[in-house]
Amino acid sequence: MGKPIPLSGNYAVAYAVKAADVDVIAAYPITPQTAVVEKLSEFVANGELDAEFIHVESEHSALSAVVGASAAGARVFTATSAQGLLLMYEIMHIASTMRLPIVMTIATRAISAPINIWCDHSDFMASSDAGWIMLMGVNAQEAHDLTIAAYRIAEDPRALLPVAVGYDGFWVSHTVEPVHVVEREGALRYAPKRVARYVLDPERPVTMGSLGSPDWYFEFRVQLQDAVEKSREVISEALREFKQHFGREYREVDGLYTDDADVVLVLMGSAVGSAVPFAEEARRAGLKVGVVNVRLFRPFPEEEVLKHLEGAKVVAVVDRAINPGSSSVGPLYSDVAVTAFKRGLDVPILSYVTGLGGRAVMKSHFEAMVKHAYGFVGKRMRDVKTHYSFVGVRE
Amino acid sequence: MASLSGWRTLPPGAVILEPGSSVKYKTASWRTLRPVIDQEKCIRCRLCWTYCPEPAILELEKPYTAKSGRTYKVTYEIDYDYCKGCGLCAEECPVKAITMVEEVR
Ligand code: SF4
Ligand code: SF4
Numbered sequence: 001m002g003k004p005i006p007l008s009g010n011y012a013v014a015y016a017v018k019a020a021d022v023d024v025i026a027a028y029p030i031t032p033q034t035a036v037v038e039k040l041s042e043f044v045a046n047g048e049l050d051a052e053f054i055h056v057e058s059e060h061s062a063l064s065a066v067v068g069a070s071a072a073g074a075r076v077f078t079a080t081s082a083q084g085l086l087l088m089y090e091i092m093h094i095a096s097t098m099r100l101p102i103v104m105t106i107a108t109r110a111i112s113a114p115i116n117i118w119c120d121h122s123d124f125m126a127s128s129d130a131g132w133i134m135l136m137g138v139n140a141q142e143a144h145d146l147t148i149a150a151y152r153i154a155e156d157p158r159a160l161l162p163v164a165v166g167y168d169g170f171w172v173s174h175t176v177e178p179v180h181v182v183e184r185e186g187a188l189r190y191a192p193k194r195v196a197r198y199v200l201d202p203e204r205p206v207t208m209g210s211l212g213s214p215d216w217y218f219e220f221r222v223q224l225q226d227a228v229e230k231s232r233e234v235i236s237e238a239l240r241e242f243k244q245h246f247g248r249e250y251r252e253v254d255g256l257y258t259d260d261a262d263v264v265l266v267l268m269g270s271a272v273g274s275a276v277p278f279a280e281e282a283r284r285a286g287l288k289v290g291v292v293n294v295r296l297f298r299p300f301p302e303e304e305v306l307k308h309l310e311g312a313k314v315v316a317v318v319d320r321a322i323n324p325g326s327s328s329v330g331p332l333y334s335d336v337a338v339t340a341f342k343r344g345l346d347v348p349i350l351s352y353v354t355g356l357g358g359r360a361v362m363k364s365h366f367e368a369m370v371k372h373a374y375g376f377v378g379k380r381m382r383d384v385k386t387h388y389s390f391v392g393v394r395e
Numbered sequence: 001m002a003s004l005s006g007w008r009t010l011p012p013g014a015v016i017l018e019p020g021s022s023v024k025y026k027t028a029s030w031r032t033l034r035p036v037i038d039q040e041k042c043i044r045c046r047l048c049w050t051y052c053p054e055p056a057i058l059e060l061e062k063p064y065t066a067k068s069g070r071t072y073k074v075t076y077e078i079d080y081d082y083c084k085g086c087g088l089c090a091e092e093c094p095v096k097a098i099t100m101v102e103e104v105r
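Residue numbers (the numbering used here), protein chains in the order written: chain A, 1 to 395; chain B, 1 to 105.
Each statement offered as a hint is correct.
Straight-line distance between alpha carbons at most 25 Å, and here's what the computed SDA-like set of lysine to any residue pairs gives: (1) B:Lys-24 to A:Ser-213; (2) A:Lys-193 to B:Pro-11; (3) B:Lys-24 to A:Glu-219; (4) B:Lys-62 to B:Val-95; (5) A:Lys-230 to B:Ile-16.
These are computed hints drawn from the structure, not numbers from a lab.
Pulled out of the complex, with its shape left as it was, chain B reads as follows (with noise of 0.2 Å):
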């Protein structure tokens, strides 16, 4: 982590002077338990993407092709920037494609 500012030079109260300088707070360092998807087994319904409290799942315009041989034309994949580990997607996801496991760091 980058070096942070002592007492006396932060501004008084508490104010934030950086609009929308939330992004900055990486909460993912709370996680213990790591949520991975399995890309063949998930079905696209983007329930873990509606349930995700951070938001912290990634809908992305990346196209996979299963060994099924089905296309899809989206891809979810975790931030782990942000993913705390709630394990709410894992335990949402119809077709259990999620799986939580143990955070190594």
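For reference, chain A alone in the conformation it holds in the complex (with noise of 0.2 Å):
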């Protein structure tokens, strides 16, 4: 591992997709991605990457050039936020079921309205039906080594899955961080481009695209099912792998202090940063908390979340997104609570959302959360009448 560089976060998945080789981009700029394609049309521009940059009028038709990118065969790459994602979200189902290896990065941002170009998850969750396999990266060399490997899943014949890398809006996009950067050689060496599957070439027409009656129509959206749950395997090889190559390990879940822990945050993306020395300061003064990093959300790593809650007394689901009027409230406490309950995992889990709209997850959102969840050590989930709570927001 040579010497970190210090990197946004925008730019290292820059740097990333560079180091991928793509051949084509297609992108409409939004914040707070658009510093990712910026920095990717300027590496175009002076020659250091050799793709087809194509400049669209929407995020709807960002999506839409590289899924006809891909179906001719390319290495494609698209980036957006919020509206944008919004945007594509009619596309994004076309390019799960048309199965085409699509890597996409997400800086996520609060849906409008109001108007609101910060943090939250609320569009990362809003896409996580469309078929994708989802990552998320807690922090700029996440976001730059999970790029990388995208290409790797998406691309593998066994997936043939379009592949979305969430980072936290301005929290990771914007904040420069060193970074050890992946080299074109080293990148292609562990993720070279792979066209194992149909492509539009006059010279063995197929068709894409094409009308699906009530006669094929359900067979094709069971056969994007199973392979968004065959996927798992690609992507736990294509980490592990990823390790061998770069000496960087990242796996779908990590667990912290969950072996003794009676309460356990479950959470995603830049907030586990500082949830972590939370975790550790709570120990010191005698809570035992432990904290989960949910790392990949489609498809829903059950078994590795399990593995870290099966010891806990509560379970405290932390979302950055509200799906309002649902029965979880929190998009993750969903995934969660039906992981428990399928597994006859019977204790109180509960549902924090924080930190919406650009808010800050502080320290004392952490102890409020905490000292909540403890009052319900020792109940079961019956016991249970409100499972949520918005933690820091004015009443």
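Join the two chains into one complex using the hints; note that each chain is given alone, in its own frame.
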């Protein structure tokens, strides 16, 4: 491993995309993502990256353009945030069911209204039912590394699925950190361009994106579900080999102090970086707090999450998004609770929604959550009257 | 209908490997009204052929002599495999030679 260089999360992603030697980039600017494609267009303009950069008029067109390029066999990239991701939502489903290995990064941001350009996970969570593999990096290094891993996962003939890599808007996208940059040669050794799939080729004509009447549609949706399910193996293999190639280890889920924890905090994104020192401090004060970082969100890593919850007396799921009116309220909560229910884990599982629209997730917020959660130690889920609360909001 | 493949064996991503296979998709299954051409009334103006969106009007090199004694070189017939019964032909026919009758299967 060479010397790290100072890079923002956005630039870290741009360097990863350059290292992956993509053929086609199509993107539309949106805060906080813009700097990713700004940097990439610079790489293309000065000849550092030999790629076609398609300037489009919207995110709907951006994803549509990379769908077309990917169908023709190109290695592609796009990036977006918030409203841009929602505008892509229609095409996200098309990309996944057409089984196109597209890589997209999402600098996570709140969804309007009111207009808010700052971080939360509303956009990421709102697109989590589109059949994409979804990863979340906690810092600039992870955003860089997971973007490179995404190409290997997406193009694996056993997967052939689009991959989204999220990282927190501003907290990660605009924060400069030391980053070990993967060079092109190494990236291509780890993730060689693979086109082991049908592509648009006049020599061997095929039809893509055709009508799927009631006689056919159901089959292709089940095929997608099956592919996302089976991609677990491809993902863990890609992460394992990432360590062999670059020395940095990533797992689908990280668990810290979960073996003997009373309260386990389950969360995603940059707030993990604050939860860990908080847990260490809490332990010094006699509170047994554990932390679980969910790095892979789709397919949801049930086994890996469960492993860290089995010893817990209370599970506290921290969400940076609200799914209004749903039985879960917090979207991450929903997956954690269903996983626990399926395995008969009968401890209180509580939902804490915090840090919306760029509000910082502070130590005091974790303190409030853990204090509240401790009140449920020894209880069971049926003893919990209201499972959710909002932390850091004005009443 | 012949038995259709299941999801495990279908090509990934709904890719269709056989060029020109859409002719196998018999759109006639949607039809609830069936157009019937009265060859006696038909003046061979070709308008139905022009308007049919499928296109499911066949222009056949089939001579036809009407009771009036007039002989036409061509005959217009409906391709009932693809006609979806939209009724455009009946609407456009200037001499009302096409009637839409209830489809009975
Ligand atoms: S009913 Fe419609 S589809 Fe059928 S022949 Fe007439 S115009 Fe064509
Ligand atoms: S539009 Fe009527 S008259 Fe003209 S060709 Fe068709 S059926 Fe005959």
